[in-house]
Amino acid sequence: MTEEPGPAGRAEEAISNVLASFQDEAARGVSSRSEFEALKGRYLGREKGLVTALFARMREIPASERAAYGARANAAKREVEEGIARLSEALARTETERRERAAAVDITLPGRRTRAGSLHPVTLVRRRIEEIFLRMGYSIADGPEIESDFYNFEALNFPPEHPARDAQDTLFIDREAPSPLLLRTHTSPVQVRELKKRGAPLKIIAPGRVYRNESVDATHQPVFHQVEALVVDRGIAMADLKGTVETFFEALFGAGTRVRIIPTFFPFVEPGADVHVSCIFCRGTGCRTCKGSGWMELAGAGEVHPRVLEACGVDPQEYSGFAFGLGLDRVAMMLYEFPDLRLLYEGDERFLSQFAPLS
Amino acid sequence: MKFSLDWMGDHVSLEALGGAEGARRLLDRGGLPVESAERSGEDVVLDVEITPNRPDAMSHRGLAREAAAMARIPFGSMQPGEEGDLPTSGPAASELASVEIQVPRLCRRFGARVVRGTKSAPSGGRVRARLVSIGAKPIDAAVDATNYALWDSGQPLHAFDLDRLAGGRIVVRKAKRGETLVTLDGVERRLEPSDVVVADSERAVSLAGIMGGLDTAVTGKTTNVLLEAAWWDPVAIRRTARRLGMHTDASHRFERGADPEAIPGALDLAARILLDAAGGTLAPGWIDARGTAWARRRVVLRVERLRTISGDPRLEVDFAEDALARLGFAVSRRSAKRLTADVPSWRPDVSIEEDLIEEVLRVWGYDRLPSRLPATAGAGRHLEPLRVVEETLTDGAVAAGLHETYSYPFVDRRSDESSFAGWLEATGTAPAPLSVANPVDASRRDLRATLLPGLLDAVSRNFRHGAREVGLFEVGRTFGLPGDTARPETLESRRFAFALAGDVRTHWSAPVATRPADFFDAKGLFERLVEPWIAPETLVWKSLRTAAFVAGAAASCETPEGRTLGVVGVVSESEREKRPLPERVCAGEIVVEEIPRDRRAARFQPYSAFPPVVADLSFSQPRTVAWESIEEFARGLALENLESLKLLDRYEGSGVVEGAVKTTVRLTFRSPERTLEQEEVNRERDRLAGALSQKFGIEI
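Those protein sequences? They're chains A and B, same order as listed. Be aware that the first sequence starts at 1, since it is given in this note's numbering, and climbs by one per residue. Be aware that the second sequence starts at 1001, since it is given in this note's numbering, and climbs by one per residue.
If you are wondering where the hints come from, they were derived from the structure by calculation, not from laboratory data. Please read all numbers here as calculations on a predicted model, not as lab measurements. Any given hint could be a false lead.
To be verified - Residues from chain B that face chain A, not an exhaustive set, calculated with beta carbons under 7 Å: (1) 1281; (2) 1367; (3) 1488.
All C-beta atoms in this analysis are idealised placements derived from N, C-alpha and C, irrespective of residue type, glycine included.
Here chain A stands alone, though its shape is the one from the complex:
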């Protein structure tokens, strides 16, 4: 027969019961902060906590067993405290999960984008060309769009009444001036201005807007854009021009672009050249755009005419130079493949927003 337990034995039993009941409750878990606080109070509350009560029994325990009992009560308290900490962590996790669930979105809904602006396709082409030339060490010059006959024609070796002026379809300004005023028909006057101002050596490009008396259609505009390149130094030859247009067009249109120059006439160059570039659409095999020739006539070029150098105060026996000029609007049309130059001046955002920088 078993002996009735003494006070120590009963206290020992109480420890086991408290632990067992805590483990039961902890295993069930808590679903809210208040449930958790109630549970914590039930066991660890300073007044009525079940674990706290275990220490109140100390007095009942015989002195000889008190130390052993105390140790066990402390172990039980630690166990409960650890259990409570685990529950607290679990609760925090649950609460975080709940908040996050509430913050979840349909990730397939459209993003809220900031408004994206855009550059005009001709600006994009101009910037690309400027970048290529800057890397080749050219500076970028600029000039007025209203010019005098002197800068637009005379200094460029277009004598008065010369038929070469016919091809320029000039828009004249209705205003008395020492040298008749006009809207510049090409960017070449910038050559004269810069050479007069800075002298040789000079290595520049001059991008800008030019004007011709053209009626508007898909491929003609009274307003368009050119870029002019000019190098003046000792011994600048046709070979320099050739290498430069080859390098430039390969950078602009990509590797494998072929370039050829053939003789032609512009009053401000001698020898003069037309620059043909292998068609970017058919790569030179012949298509509708290049009229089957495989080539596109893209730029006018040549060695700067000695009379132009003289007009700018540069000695043509000491210095020589090359120049070439290129239309930007047509290049934009080719690179972005839009069909009609009129689109460039209509300001329609559906058109303007379509283009990205060239690389």
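With chain A fixed as given, assemble chain B onto it according to the hints.
Relative to the frame of chain A, chain B by itself:
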């Protein structure tokens, strides 16, 4: 210009050229590009682009010479034919007619031959066929003979009915004031004393170098023909042709420079064709009247220079000599280093060494030149600082979500820009616009003085196409400053303009009624754009009145130095009515020249490690008290440790008395040395409140 391959064969072996393909390739590389080559029966018609410097190539003979030189094969006869081959009889030409040149500089040579006893007849089949193939219209033996000789030799000719020339006399002179002439096309031309005419003893009978007169033209009844071939001054011909709006095969060539030495050969050829088809007899001899003598130019070519300009060290004097000789230059070798070339009379374009270099290189082939890059050193940069300003403004506008557009600068000042008068005046625009004398569109002959109307047109087009929100900008020149016409650059201004219209934010998550762009969007954009150069708080905004903007919702902006920098405004109803525009369009323009060239320096500014303390202040103020004056006053109080003062809210409506507005400002305080107490901050705020109420009678 169209040419018959078969006809070219009169002057060069087509076989040696390699037929049409060969001719095409040779002319292309020589700088006379063949745009098309079309079969026409047995013949091939070449359409050749001939630059204005090459009148000599505007004939079958000239083109054949080019092709032969490029192919380095023999060219037929380069020398004009001599008189004497043709049978002649009767009185000499000089007994039948006389020529007097009164303007020797303008007419250096006037040649004439006389054919008597012709009858009206069509020209021969071969002549007609060739003329038809190149698109010329056969008429009769006399006219066809002159046309044929023109297209063969390049020398324009004219056939007169000799019996209708009063006194059989020809006088080359200036037209008399008020003189008239009915030209072959039946149009009566009023002549000026600057025009050169061929006259008989009584009246003008031909507009020299351009078109003959109707009265003296050959007709079905003509029996005696005087054939004329002359050299005319290019500038004189061009002036008259342009003034009269005429352009003929003859004027086209004379304007570009004819060959005085081609005259006898051309006369012989025309006479031969006329005699063949219409019979008659050729009077012996010819009239060769002379004006100022022409000289053959002599140009030196140095091999060293040839190599320098071409960049090709392989070029030798032998090659240059051969190339020039084939093109008709009389070359004499001086040494291995240089040669002298006498320029042929048909090459008015060649006068300097570089011209000879081009000739040699054309034959050498540009495609054979080496390629290299210039050795010129230097780092590239922008030479015009304002271009950098424009690019920075552009990038700012793109970052703000605007699209760049371009528009034409052609406007009508009165209808397009008068509503911007207040703005034009603020920018110092001259009252009278700069106009185009020969405009593309007669209703828009003025050059724009502001970019804004063009930009608003573009906004309108976008709304017409169904857009709900539009943000556009443009960088461009405007014209019409009262500058110096001797320095055209002073007449221009660089401008940057923008327009915002419609809903500024639209997204599926935004409220249904989104906010339309307003004055402050435009002003804020303006401030953001110029911020790299000018601190926005130093800008001075002044109310601006101009019909294009709502009165009281438009402002000009001045730099701290008092220069007009720009304008911002809400577009007025009257301006909107001109082009359909949505209810609220805001626009602005910046005068790029007024932006300092250098950006504001960006240098590190140390900041406090202590936390900020915030105090808000709300007060009710009369609407008439400008925010600017409140802000300025508040800053003047120098509140202790004030870091920033910001407008937080403005409210009008229920709870606020009529004519007043409730303003809330947020004051942020921060000390560089310690954490501030809320109480001390509140004391400073209260100091501001007291001062404001004293100064402006504001209700706190």
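The hints, checked one at a time:
Hint status for residue 1281 of chain B: violated, given a least beta-carbon distance of 40 Å to chain A, over 7 Å. Using the Cβ-Cβ criterion of 7 Å, the hint placing residue 1367 of chain B at the interface with chain A is satisfied: the shortest such distance is roughly 6 Å. The criterion of a C-beta within 7 Å of any C-beta in chain A is met by residue 1488 of chain B, whose closest approach is roughly 4 Å, and the hint holds.
In this structure, the one hint that does not hold is number 1.
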